[in-house]
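Participant: Heads up: the protein sequence lines correspond to chains A and B, in order. Counting from 1, position 10 in the first sequence corresponds to residue 10 in the numbering used here; the numbering is continuous, with no gaps. Counting from 1, position 295 in the second sequence corresponds to residue 295 in the numbering used here; the numbering is continuous, with no gaps.
Derived from the structure by calculation, the hints contain no laboratory data. Yeah, the Cβ is synthetic: ideal placement off N, Cα and C, and Gly gets one too. It cannot be assumed that every hint is accurate.
Computed from the model, here is a short list of chain A residues facing chain B with C-beta under 7 Å [unchecked claim]:
hint, residue
1, 48
2, 49
3, 51
4, 93
5, 94
With a straight-line Cα cutoff of 30 Å, these simulated DSBU-like cross-link-like pairs (lysine-lysine) come out [as the list claims (entries may be wrong)]:
hint, chain 1, residue 1, chain 2, residue 2
6, B, 428, A, 78
7, B, 56, A, 61
8, A, 75, B, 393
9, B, 351, A, 61
10, A, 5, B, 351
11, B, 99, A, 92
12, B, 428, A, 5
13, A, 75, B, 56
14, A, 13, B, 428
15, A, 61, B, 392
16, B, 351, A, 78
17, A, 61, B, 393
Have a look at the derived ranges for each label pair, beta carbon to beta carbon [what the hints assert, rightly or not]:
hint, chain 1, residue 1, chain 2, residue 2, range
18, B, 19, A, 53, 46 to 54 Å
19, A, 65, B, 428, 25 to 33 Å
20, B, 423, A, 36, 17 to 25 Å
21, B, 339, A, 85, 18 to 26 Å
22, B, 488, A, 10, 51 to 59 Å
23, A, 23, B, 292, 51 to 59 Å
24, B, 378, A, 65, 31 to 39 Å
25, B, 397, A, 23, 44 to 52 Å
26, A, 85, B, 428, 46 to 54 Å
27, B, 259, A, 2, 16 to 24 Å
28, A, 47, B, 257, 26 to 34 Å
Below are the chains, spelled out letter by letter.
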Amino acid sequence: MSIDKDTAARVAKLARIKVEEDALPALAQEFNTILGFIEQLNEVDVTGVEPMTSVTPQRLKRREDVVTDGNQQAKVLKNAPDAREGFFAVPKVVE
Amino acid sequence: MSDLNKLGLAEARDMLRAGDTTSVELTEACLKAIDQADALNTFVHKTPEIAMERAKAADARIATGDAPSMCGLPVGIKDLFCTKGVESQAASRILEGFKPEYESTVSQQLADAGAVMLGKLNMDEFAMGSSNETSAYGNAVSPWRRGNDDAQLTPGGSSGGSASAVAADLCLAATGTDTGGSIRQPAAFTGTVGIKPTYGRCSRWGIVAFASSLDQAGPMTKSVRDAAIMLEAMCGHDPKDSTSADLAVPNFEAMLTGDIKGKKIGIPKEYHMDGMPEEIETLWAEGRAMMKAAGAELVDISLPHTKYALPAYYVIAPAEASSNLARYDGVRFGHRATLAAGDGITEMYEKTRAEGFGHEVQRRVMIGTYVLSAGFYDAYYNRARRVRALIKKDFDDVFAAGIDAILTPATPSAAFGLGEMNDEDPVKMYLNDVFTVTVNLAGLPGISVPTGLDHQGLPLGLQLIGRPWEEGDLLNTAYALESAAGFVAKPGKWW
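Next up, chain B with everything else stripped away, as it sits in the complex (with noise of 0.2 Å):
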């Protein structure tokens, strides 16, 4: 069979335990898939010889009955992760040339269940940004464009070379993480499934921190099925995660039934911004109709605080990453700067840090340090923290009034062209994640799926929000969604 990486991860596995194709197949359909696909700059650090070895080892497994899900499927892991052995940058200068001793816990569970790694994938430089633009490595490119115009679209950031990489059919999946939106606001953007669990569902060791009370890892997938499966794989207890929950990970996939029947969906009011376009507002109504069709009770709710979740997560964001960040001194891994004659320690960390961070990094770590200052720790750190505990207790109270799951657009818009940005304020930027960011403060479960294509026929899509711990009634309930919407749209390719 021919164009064995457009597979899924379940069409793929079936076919994997039917015998109708091996992992070396799928593994080197995806393999070529990448090497043509240069151009949109997702693959940053390519591990082909791995990819083999493990393709090997999985068809082994197969042929023995012992194959989990993940099992000779090959995906791509996003450069936050640390992988044994290869490049782990964080699209960042700073780490240049860092090759860890150490697995992330999330990336060592999909190797121990069978999954293929075909390399390192393109994202923000310390996954600080909404459009891929921060990445030292250059922009990742979409694979979608509107119509026959040729500019280059961003697929969003984070993680926007997985993004790219699923919305291309280079790999089965990948791994993305979400510190305010970075995984649902890229799926948004290019036609993918997203889903940040709830907060603790996956462990964060080895993960490079940015924000770690938000920070969290989850799929990437081109199905909601395929997110169930991944998710299982991903999730559980670790010890070396002193926030990793230790609860029973179900068997999510079991619990796509698609019937939603009798569950309460909440639309929350304040989630109806101002100047919201109207393909946004009409996207929003077509899946509260389809909510509705499926049998699912639509109900108004109010999260009163949700307006303040912004500024909240630019408090609390930079000043995690500017105590997560000085860790990067020139001392113990990547890059340190060349001294002058007489430069002492001090000029050592300075020149280094200026020469190894890019731009939005440097100004969100000085941003964390400022409103961590003696003598704004309380005007801007603690109060942003009070607030925090306010938009968690929005979301308490209506789940506690029995909403089973609140639906939401992903995002403001359709995916903008890379460098449209460049002149507006950061804050413009920032407002990409309005919709997402309550969810990481709150540290709920969300989901991210394509329902429809926007007037230049670029993917657009809802989002889900579960209560803590029920990912898998959440994906059921994005699975009754997907169905529905019959999200087919592909990018035509170019590259």
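Bound conformation, chain A alone (with noise of 0.2 Å):
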């Protein structure tokens, strides 16, 4: 598997990262080098294995679903680059 500028590009627009154009071709380069050593994991036979998804089993705890939280607002804003009217501030999404 070899990543080419365009792929490396669209990994930077899925991460939502602006990577300069000269720029793609190291990042591919680095890519490749990083998923060469992560191919390793093509000698491992995991037939029959299933993807880990918790390190120690255990059940999530459940409780009631009620609202345990809230009217914080102002905290909520405090550390907002941009926050209005007790809105978060964003440049505009609807044309």
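Relying on the hints, combine the two individually framed chains into one complex.
Facilitator: Spelled out as structure tokens, the structure:
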């Protein structure tokens, strides 16, 4: 599996990280180095092995489906780069 | 008494209880040492006001006779822990200016036990690194040097600031976190003790998430006894973390008898790596001899999937990171890029994340995105999770066969120079975690104990791996190793 410039650009887009055009070849090369390392996993016979979901066998605890928290608007907005009138403000989303 | 900052937790606690010193005196000594150690770049947000306030409260509490073990003891907190009203940046530009409105469960438990927070400690960005060189604050520097050579060395990573601060006696102990070795590797590089408990022992609530199925907090200290004391204060069930174990926390310190007669110590043959320095082999052989002399039985064991732990980790950890770090979008907290006219929300995300995340974090988020993307999910992510199940089974099998603990080297080398790995490919840096990462994948407790110096005079450590939930027994084995090794070296003060 070899990653080319276009695949690197696609991955950057999916990850929502802006990568300049001229940085893509080097990025693709780094991906190939790391994925080359990961390829070793193909040597392992995993027939009949379930993918691990939880490292310690446990049943997640349950609780009543009720509201336990809230009324913290000011705290929630406190660290926002741009908060207005009780909302997070973002650039226009809908044309 | 001078040099109160050089004390460990146990000694300082006993002096406080005996009335031989006060928390205010201990705290002032640490704050002074911190202010003289800016060259180490460990404390990146100092909190002297909070420290003095808590020290006074602790002294009042000690006077009433209500003093848990940590009461009045000054510690540093890794920047990954959210601390209410205090910068908590995970050493990333993307969290610049972030002051949480809440406190992590672990740092809250320490505060409730009376511990004094001195400030926030440097680390690799989002705990992704093995040398503290990916930090937005710049490198943390080890107090150790190669003889008279003044080249700056790494304290290891990701908990590099914690390790350096403890080794340099800027605090009595510090918190760390460990996703692939981030407590144990820096502890080994700096001649300190670091334990990663069983997955689920410490609540992850309020700790900035890197890879949720691997992350665990733990203490970094000057001795095994101190690790036992601080770990007990950090552990415990927390309803706010669904993976937190609802198990009683034993008195770990009371379990330190040093008696390991008849214990079966496994020596895994797969940890003899090709190209491993002779010094590490020797250190390991010395450790085996110490265990045997203490009455333990050495047993050759096999952990056949060891070789695949790092590649599995470098699928699973980036995959989880890409998901966890999706929250840094420039909307709710931290940095937002300045936008150009006409930029929409997608440009805001992309520019914010490009500016806010450092190179290593970007690389891991993108690798994670790739291995989770349609068409590759099964080939990479699911395969890695299957291999992870086999790695865990390796350990389950040896423990079922009666092994009590496993002895291995902690790192494949002593600390290297800052910048020395810059031209290497990323995989070379990843190899630092070759002996530690299996433990995270299997969810086990692991501890690094300093046992010797290399030919340059730099500390080396051995790792002990224990059965799940048996940190007390593991600490006792580590205590026996520590007693036998008698490691007392300290870095000379140059800063």
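Participant: Can you list which hints this structure breaks, lowest number first?
Facilitator: 1, 5, 6, 7, 8, 9, 19, 27 and 28
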